[in-house]
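Work out the full structure, taking the sequences as your base and the hints as a guide.
There are 2 protein chains.
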Amino acid sequence: MSNIRHALNVKREEDFAKWYQEVISAADLAEESGVRGCMVIKPWGYGIWERIQRLMDDRIKQAGVQNTYFPIFIPLANFEREAAHVEGFAKEMAVVTHHRLIADGKGGLIPDPEAKLEEPLVVRPTSETIIGDAMSRWVQSWRDLPLMLNQWANVVRWEMRTRMFLRTSEFLWQEGHTAHATREDALEETHRALEMYRACVEEDLALPVIAGEKPENERFPGADETWSIEAMMQDGKALQAGTSHYLGTNFAQAANIQYQDREGTQQHCHTTSWGTSTRLVGGLVMTHGDDDGLRVPPRVAPHQVIILPILRDKPEDDALLAYCEDLRAGLAKHQALGEPVRVLLDKMPGKASAKRWDWVRKGAPIILEVGPRDMENGKVAAIRRDTLWNTESGKLATEFVSRDVFVSGIGQLLEDIQDSLFREASDRRDANITRGVTEWKDVVQFYKSNGKYPGWVEVQWSKPTGSALEKVVEQLKAEKLTIRNVPRGSEPADGVCIFTGEKAVERILVARAY
Amino acid sequence: MSNIRHALNVKREEDFAKWYQEVISAADLAEESGVRGCMVIKPWGYGIWERIQRLMDDRIKQAGVQNTYFPIFIPLANFEREAAHVEGFAKEMAVVTHHRLIADGKGGLIPDPEAKLEEPLVVRPTSETIIGDAMSRWVQSWRDLPLMLNQWANVVRWEMRTRMFLRTSEFLWQEGHTAHATREDALEETHRALEMYRACVEEDLALPVIAGEKPENERFPGADETWSIEAMMQDGKALQAGTSHYLGTNFAQAANIQYQDREGTQQHCHTTSWGTSTRLVGGLVMTHGDDDGLRVPPRVAPHQVIILPILRDKPEDDALLAYCEDLRAGLAKHQALGEPVRVLLDKMPGKASAKRWDWVRKGAPIILEVGPRDMENGKVAAIRRDTLWNTESGKLATEFVSRDVFVSGIGQLLEDIQDSLFREASDRRDANITRGVTEWKDVVQFYKSNGKYPGWVEVQWSKPTGSALEKVVEQLKAEKLTIRNVPRGSEPADGVCIFTGEKAVERILVARAY
Numbered sequence: 080m081s082n083i084r085h086a087l088n089v090k091r092e093e094d095f096a097k098w099y100q101e102v103i104s105a106a107d108l109a110e111e112s113g114v115r116g117c118m119v120i121k122p123w124g125y126g127i128w129e130r131i132q133r134l135m136d137d138r139i140k141q142a143g144v145q146n147t148y149f150p151i152f153i154p155l156a157n158f159e160r161e162a163a164h165v166e167g168f169a170k171e172m173a174v175v176t177h178h179r180l181i182a183d184g185k186g187g188l189i190p191d192p193e194a195k196l197e198e199p200l201v202v203r204p205t206s207e208t209i210i211g212d213a214m215s216r217w218v219q220s221w222r223d224l225p226l227m228l229n230q231w232a233n234v235v236r237w238e239m240r241t242r243m244f245l246r247t248s249e250f251l252w253q254e255g256h257t258a259h260a261t262r263e264d265a266l267e268e269t270h271r272a273l274e275m276y277r278a279c280v281e282e283d284l285a286l287p288v289i290a291g292e293k294p295e296n297e298r299f300p301g302a303d304e305t306w307s308i309e310a311m312m313q314d315g316k317a318l319q320a321g322t323s324h325y326l327g328t329n330f331a332q333a334a335n336i337q338y339q340d341r342e343g344t345q346q347h348c349h350t351t352s353w354g355t356s357t358r359l360v361g362g363l364v365m366t367h368g369d370d371d372g373l374r375v376p377p378r379v380a381p382h383q384v385i386i387l388p389i390l391r392d393k394p395e396d397d398a399l400l401a402y403c404e405d406l407r408a409g410l411a412k413h414q415a416l417g418e419p420v421r422v423l424l425d426k427m428p429g430k431a432s433a434k435r436w437d438w439v440r441k442g443a444p445i446i447l448e449v450g451p452r453d454m455e456n457g458k459v460a461a462i463r464r465d466t467l468w469n470t471e472s473g474k475l476a477t478e479f480v481s482r483d484v485f486v487s488g489i490g491q492l493l494e495d496i497q498d499s500l501f502r503e504a505s506d507r508r509d510a511n512i513t514r515g516v517t518e519w520k521d522v523v524q525f526y527k528s529n530g531k532y533p534g535w536v537e538v539q540w541s542k543p544t545g546s547a548l549e550k551v552v553e554q555l556k557a558e559k560l561t562i563r564n565v566p567r568g569s570e571p572a573d574g575v576c577i578f579t580g581e582k583a584v585e586r587i588l589v590a591r592a593y
Numbered sequence: 080m081s082n083i084r085h086a087l088n089v090k091r092e093e094d095f096a097k098w099y100q101e102v103i104s105a106a107d108l109a110e111e112s113g114v115r116g117c118m119v120i121k122p123w124g125y126g127i128w129e130r131i132q133r134l135m136d137d138r139i140k141q142a143g144v145q146n147t148y149f150p151i152f153i154p155l156a157n158f159e160r161e162a163a164h165v166e167g168f169a170k171e172m173a174v175v176t177h178h179r180l181i182a183d184g185k186g187g188l189i190p191d192p193e194a195k196l197e198e199p200l201v202v203r204p205t206s207e208t209i210i211g212d213a214m215s216r217w218v219q220s221w222r223d224l225p226l227m228l229n230q231w232a233n234v235v236r237w238e239m240r241t242r243m244f245l246r247t248s249e250f251l252w253q254e255g256h257t258a259h260a261t262r263e264d265a266l267e268e269t270h271r272a273l274e275m276y277r278a279c280v281e282e283d284l285a286l287p288v289i290a291g292e293k294p295e296n297e298r299f300p301g302a303d304e305t306w307s308i309e310a311m312m313q314d315g316k317a318l319q320a321g322t323s324h325y326l327g328t329n330f331a332q333a334a335n336i337q338y339q340d341r342e343g344t345q346q347h348c349h350t351t352s353w354g355t356s357t358r359l360v361g362g363l364v365m366t367h368g369d370d371d372g373l374r375v376p377p378r379v380a381p382h383q384v385i386i387l388p389i390l391r392d393k394p395e396d397d398a399l400l401a402y403c404e405d406l407r408a409g410l411a412k413h414q415a416l417g418e419p420v421r422v423l424l425d426k427m428p429g430k431a432s433a434k435r436w437d438w439v440r441k442g443a444p445i446i447l448e449v450g451p452r453d454m455e456n457g458k459v460a461a462i463r464r465d466t467l468w469n470t471e472s473g474k475l476a477t478e479f480v481s482r483d484v485f486v487s488g489i490g491q492l493l494e495d496i497q498d499s500l501f502r503e504a505s506d507r508r509d510a511n512i513t514r515g516v517t518e519w520k521d522v523v524q525f526y527k528s529n530g531k532y533p534g535w536v537e538v539q540w541s542k543p544t545g546s547a548l549e550k551v552v553e554q555l556k557a558e559k560l561t562i563r564n565v566p567r568g569s570e571p572a573d574g575v576c577i578f579t580g581e582k583a584v585e586r587i588l589v590a591r592a593y
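Chains as they are written, first to last, in the numbering used here: chain B, 80 to 593; chain P, 80 to 593.
Hints are computed from structural coordinates only; laboratory data are not their basis.
No experiment lies behind these values; they were computed from the predicted model shown.
Beta carbons are placed, not taken as given, at the ideal position from N, Cα and C, and that holds for glycine.
Residues of chain B clear of chain P, computed beta-carbon distances all greater than 10 Å: (1) K316; (2) T328; (3) L399; (4) W436; (5) N469; (6) L475; (7) V480; (8) S481; (9) D509; (10) S528; (11) V552; (12) E581.
Some chain P residues judged to face chain B by a derived CB distance under 8 Å, without partners named: (13) G126; (14) E129; (15) F158; (16) P428.
Written out as structure tokens, the structure reads:
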């Protein structure tokens, strides 16, 4: 396969981090903005996020959760309350202190000292406290429960080291916040949200994930339980792709969210919160990208089929364009994966071959090239992005098919691509989880000898807490390892704890992570 | 009609401003957040905004404009550049100066003096300058043009006096920004966006508007031309519901947006920008609201039909609920206004009559009440929100119709309601524009004697500029009047200027405004 000339300058196996940046740039997903830690999400990257949003939002609404919008600014007092209430409270946030700019007399502008806010405002890092305030107003009786809210918003956390989509100072996300009468109801919602994330991320983004509970040390500050979905990237590291928290009555006590039960007694609500973010786009790149750029699964591709007319700047172009427009309309009438097929006829100026490679790097699922001869013969030259190369010849695996056959088979073809990307990723993931390791020294040895593609290791443990857990965390940290989660539905433990030597109570996944 | 007992405590004709606040609250659209000038948009209000977004976004994408996302923080330097470049630059904005909170030692938190930003960041009041920076990177050659971008985002302008939806410190909007090779192309886009706004606001929100050019004094700072759509509220005031700006090469020069033309020469782009915001929801309230709350036009109603089962906390409830669920599913299979009908079966606890009035105040287009007897008789009791009362009897104009007839006619019924709301508003608007006034004293007298419902006046003017225009603006201001716009396609002028006595060149609309 050495005769294949890939579209990117960096290969995954050479330098994964550099390759990642290269894909972000070559697929035209995003770029640095010049504002510290903030990125510009470009049309193709934002189009993917919009698709994720729409599919996730349908699932959110389906569950009866209602969208709302809360202010971006949160009063300092809310954080003072939370800081008193919650250990491990993070304080790196953007603080607004002034409400006016004024000329500095030297041609520049400065914050107007006369316009200093009495109380600084914080740009929301998350909306738990301000939504908690609203819940305390909106919930009076058991009749108001459950109260299930969601918000699509931008949030800001002042990050010291940023990486596009994975960790940026500003990012886009959705945050679900729900209040319930009982622990059981709140736990049910915690699991419903987790399962919704699993389904959306696996079915729509084609990212296989493992859902499970986070250990105590990885819980969201203030949560009684934190659950996550974990995806394996192509460098064998884990990416936390979504979290769902059962908050007990902790936040309800801090924000005074109470209801009168059927017997007339005041009770604190049990609350949950759950979130996913633009980080998912980073996970998509690190799972489906290859040495030619990104491969976007059809369900989240802004355009699923690109039609590239081979134009020659001649009068004949008009007939070819009309033919392509007709092809576009024919395809758009079909359904794939439950929606009308999304087709783009790319009429932008430029050479067809250059445009073809642009779309290869962007990862459009199917690229159709149509020249005058194809038009005459009623054929199309189809490139399937997930199987780009003929590995024997080292050439593009372009298929020449009759237009009618292609059009009538489009739904099935896009489904195949969606399935195949998922299967490829889950086969790789499954092949790189090592089970049955019972000695700590073997874990250490495993990661020493599998430096480039470490994968994950499943071990059994006794679920220590407090200082015993801290010791385990330190032991893992020395090898750059973390506990990802306790996979839902895994086999019961039957051995001894790899850390403490005590009887094991459950199985955990250990991995390097983003 | 004095025997009608309306659902609100305040009537429009008694106190329009108070009535407006009452509708916002009674229809559960939004509430004060406790953060200065910022509101919480509640599920019903946000649902309406989401519908507006989706319908507008479809139109935006249809035109080939691409969505993107730019950082919320803008460096001070961008504003310094703009302040030097643009007169009338507004400086009331939220300024971020610190990136960390720290304990003050007295149980509170303060901005950490150690974490002061070297250069303060501004929370975007609009994204012209940061998008201009990106355009200067993205545009190189004529082949890159037109570049048409849009962003859905939150923006912040530090407003001293705020009113929900109409003027809040933080609001949600979309901002389109486009770059073109020629003046003609940019002007065409300016008008395309204006026409898109007119169509969306009239067809989707059922708000009749007058599209036209703003006079020089009302232009966006830095624009060569500003166009607007203006809607008339029920108090006869004007609401600017959307603007579209032709920016000439002014912003391109400031941000260095240049392209190489086909002859190899560097040229500055001609740019446009256009925006609409959550203000539209305020316009919806002030146009379609009545003394019973809001009336939401079907196209933008989150739920178009509400089914209220009359439950009795008895075993028979199960059969009724099953019947209602069947009714819901039957309605949802139908199409109205080009989309599947949106039906909610409201199973929340509570008395059906109380819930009916909640939905009346919220303005759901159709409310169906279904009791055990209706189930037996195969009937529904239908309330049409736009014609709520039987004015003769003073009772609700509930219609008892056979279920089958109702279900099969749902598409037509929702279309009728959409049309009827638009017609009602445009008839009122047309009846309240006074034409043919030629003397300034008559304008003054007109507004003196029509205090409660002033309406608009069309006059002719000579289109003065500079200090002559300033004089006109002052003269109008003394009567609390402004020039709204020069209506597109109005009759040519044929008289003398009402201000200067010179020969008139065009007709303008004069009004009090939000």
